[in-house]
Amino acid sequence: MLTTSPIKLINGFVADPSNNTGQSEIVQVENGGYVDETKLETSSGHCPESAHQYENGNGRCFSKESESCSSSQASSEGGTLEMESELTVSSQREEEKAETNLKESSKPKILLVEDNKINIMVAKSMMKQLGHTMDIANNGVEAINAINRSSYDLVLMDVCMPVLDGLKATRLIRSYEESGNWNAAIEAGVDKEILENEQVCVRSTNRLPIIAMTANTLAESSEECYANGMDSFISKPVTLQKLRECLQQYLH
Amino acid sequence: MDLVQMQKSLQDYTKSLFLEGILDSQFLQLQQLQDESNPDFVSQVVTLFFQDSDRILNDLSLSLGQQVVDFKKVDPHVHQLKGSSSSIGAQRVKNACVVFRNFCEQQNVEACHRCLQQVKQEYYLVRNRLETLFKLEQQIVASGGMIPAVELGF
Numbered sequence: 022m023l024t025t026s027p028i029k030l031i032n033g034f035v036a037d038p039s040n041n042t043g044q045s046e047i048v049q050v051e052n053g054g055y056v057d058e059t060k061l062e063t064s065s066g067h068c069p070e071s072a073h074q075y076e077n078g079n080g081r082c083f084s085k086e087s088e089s090c091s092s093s094q095a096s097s098e099g100g101t102l103e104m105e106s107e108l109t110v111s112s113q114r115e116e117e118k119a120e121t122n123l124k125e126s127s128k129p130k131i132l133l134v135e136d137n138k139i140n141i142m143v144a145k146s147m148m149k150q151l152g153h154t155m156d157i158a159n160n161g162v163e164a165i166n167a168i169n170r171s172s173y174d175l176v177l178m179d180v181c182m183p184v185l186d187g188l189k190a191t192r193l194i195r196s197y198e199e200s201g202n203w204n205a206a207i208e209a210g211v212d213k214e215i216l217e218n219e220q221v222c223v224r225s226t227n228r229l230p231i232i233a234m235t236a237n238t239l240a241e242s243s244e245e246c247y248a249n250g251m252d253s254f255i256s257k258p259v260t261l262q263k264l265r266e267c268l269q270q271y272l273h
Numbered sequence: 259m260d261l262v263q264m265q266k267s268l269q270d271y272t273k274s275l276f277l278e279g280i281l282d283s284q285f286l287q288l289q290q291l292q293d294e295s296n297p298d299f300v301s302q303v304v305t306l307f308f309q310d311s312d313r314i315l316n317d318l319s320l321s322l323g324q325q326v327v328d329f330k331k332v333d334p335h336v337h338q339l340k341g342s343s344s345s346i347g348a349q350r351v352k353n354a355c356v357v358f359r360n361f362c363e364q365q366n367v368e369a370c371h372r373c374l375q376q377v378k379q380e381y382y383l384v385r386n387r388l389e390t391l392f393k394l395e396q397q398i399v400a401s402g403g404m405i406p407a408v409e410l411g412f
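Taken in order, these protein sequences are the chains called A and B.
The first sequence begins at 22 in the working numbering and counts up by one.
The second sequence begins at 259 in the working numbering and counts up by one.
No lab work stands behind these hints: they were computed from the structure.
Please read all numbers here as calculations on a predicted model, not as lab measurements.
Incorrect hints may have been included.
[Said to hold, decoys possible] Reference excerpt, derived from the structure (chain B facing chain A, CB under 10 Å, subset only):
{"hint": "1", "residue": "S267"}
{"hint": "2", "residue": "Q269"}
{"hint": "3", "residue": "D270"}
{"hint": "4", "residue": "Y271"}
{"hint": "5", "residue": "S274"}
{"hint": "6", "residue": "G279"}
{"hint": "7", "residue": "I280"}
{"hint": "8", "residue": "S283"}
{"hint": "9", "residue": "Q287"}
{"hint": "10", "residue": "H337"}
{"hint": "11", "residue": "S344"}
Think of the CB as a built atom: it goes at the ideal place given N, C-alpha and C, for glycine as much as any other residue.
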């Protein structure tokens, strides 16, 4: 069946057959390795790539305090924060609404909040191998807007990002969960109009699992993550095993 | 050189990169993600890393070359390079970035200049080695062979 590169067994790693996401089947091949069948079917559309890319918005930097690791790249830019990607996501909006309505039966919605393109590429590919697709947000503001638009089952949140970092974004999301409104976010400078106009889904009463992806430096310590409302953390670099364990624990 | 010899060369070459610490186990993670549905994944990610790193190193040279160095501009670049090099397993580049960031925090311009040189050196090294690796792979594929699996005793 396999005509190109053979299965790579590294350090005894095999895809754990008991570790089924419910969407993949593990079959054994002649060389003693295991292959995830969904990978073979991917090109035929078995796992359609439905990742929505939110364009990076310009905005004020919220990292006035020295403790925060939010990059100050945007500190010289003024103006309100808003998404510039209205045109690119509008055609996908219908699909999103339909998806929201079918939430009960459809696959889990995962949001990856990460600004580094290489990290995004690696994480997406890992998730694909685990049988999942992800939406992408490039900073905390885009994450908040995404969460406002759709109901997610899991958020993977990079800690250090420009515009609004992961710690602050998580605090604002938890505030929204507790209060039912985005006042704190608006106060922090997230675009009022977008938050007020774009709420298309009914807010879930379940706590949204937010997992930090941290470089484990002082500013990104696990204590900081928990203190800001994260449920758990994955230390970088992200590996297949770490993601698999995370999914096992937080997706049902 | 026949196919078997080429494949052995590739394996030895790859192993040497790990033994020299130029690559770490994260690179193996990338290789695991390469398969029939994603046959060029490693070279795609690595190419993206090269493009991104070229840009960052250029920006860093500019930032550090200013009369008054703005560390608020320098540090995010180093942070990004540290992140992406870590993600692809470019261990020595990552380690050089860690040192660089410490000096950024201390706002030590002299030391940062030295760090930039060190990072550049490590980056050019890993880029050179990976380009050679991909060439070896291409030769094998062009000869109708398969890329042998990397087996290391980590």
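Hint check results:
Interface hint at S267 (chain B): violated, since its Cβ lies 17 Å from the closest Cβ of chain A, which is beyond the 10 Å cut-off. Hint status for Q269 (chain B): violated, given a least beta-carbon distance of 12 Å to chain A, over 10 Å. Interface hint status for D270 (chain B): violated, as the beta-carbon distance to the closest one in chain A is roughly 17 Å, over 10 Å. A distance limit of 10 Å between C-beta atoms decides the matter here; for Y271 (chain B) the minimum to chain A is near 16 Å, and the interface restraint is violated.
Contact between S274 (chain B) and chain A, as hinted, is not supported at the beta carbon level, the nearest pair being about 17 Å apart and thus beyond 10 Å. Nearest Cβ of chain A to the Cβ of G279 (chain B): about 16 Å, over the 10 Å cut. The hint is violated. The beta carbon of I280 (chain B) is not positioned within 10 Å of any beta carbon in chain A (closest approach about 16 Å), and the interface hint is therefore violated. Taking 10 Å as the C-beta contact cut-off toward chain A, the hint placing S283 (chain B) at the interface holds, the least distance being around 8 Å.
Interface restraint check for Q287 (chain B): the shortest CB-CB distance to chain A comes to about 5 Å, inside 10 Å, so the restraint holds. Using the Cβ-Cβ criterion of 10 Å, the hint placing H337 (chain B) at the interface with chain A is satisfied: the shortest such distance is roughly 6 Å. Hint status for S344 (chain B) relative to chain A: holds, with the closest Cβ pair at about 5 Å, below 10 Å.
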